[in-house]
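> Mapping the sequence shown onto my numbering, position 113 (from 1) lands on 113, and the numbers just tick up by one.
Careful: at least some of the hints might be erroneous.
[Claimed, not checked] Listed next, the in silico SDA-like pairs over lysine to any residue satisfying Cα-Cα at most 20 Å (straight line):
#1 Lys11 x Ala124
#2 Lys129 x Phe14
#3 Lys11 x Ala108
#4 Lys129 x Tyr13
[Said to hold, decoys possible] Label-pair ranges, simulated between beta-carbon atoms:
#5 Leu49 x Phe14: 17 to 27 Å
#6 Asn9 x Leu78: 22 to 32 Å
#7 Ile118 x Ile89: 17 to 27 Å
#8 Ile75 x Leu109: 16 to 26 Å
#9 Ala108 x Ser51: 19 to 29 Å
Simulated from the structure, these hints should not be mistaken for lab results.
Heads up, the beta-carbon is just placed ideally off N, CA and C, and yes, glycines get one too.
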Amino acid sequence: MKRTKIPDNSKIYFYAVFRILIGFIFMLHGGQKLFGWFGGPGGNGSVALTSIYGFAGIIELIGGLFILLGLFTSIAALISAFNMIGAWIIVHIPKGFIPLTNGGELAALYFAAFLVLIAYGAQAWSLEKILLKKEFMH
1 MKRTKIPDNS KIYFYAVFRI LIGFIFMLHG GQKLFGWFGG PGGNGSVALT
51 SIYGFAGIIE LIGGLFILLG LFTSIAALIS AFNMIGAWII VHIPKGFIPL
101 TNGGELAALY FAAFLVLIAY GAQAWSLEKI LLKKEFMH
């Protein structure tokens, strides 16, 4: 069976979809924490913005938005990666080290995604390209 190769000039758009999805879903997690979107705890006013949970929600909401828009992507991804390290240490490690048993699968996957975003930046379909006239590799 012959394998079809994805053309090199279209790979950048697969990466853009990856960046946009990661940013969008991470932003929703922040909204869930802060405002109670989709049944999250923030809607009843129980999350103080100055708490660790509130601080994490702010990073997720703003970091996710910046990643989604492709603006200061590497910096937003770096801050978000540290947020996931904090989540891993504070929330998940006390329940055990294995992600499948401590509920940390999503934190681990986000961390891995943020490493990719740190390395490659915004790329196609980004405000960095439009506003800052950044050129990216193809």
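> Which numbered conditions among the earlier hints are violated in the structure presented, ordered from lowest to highest?
3, 5
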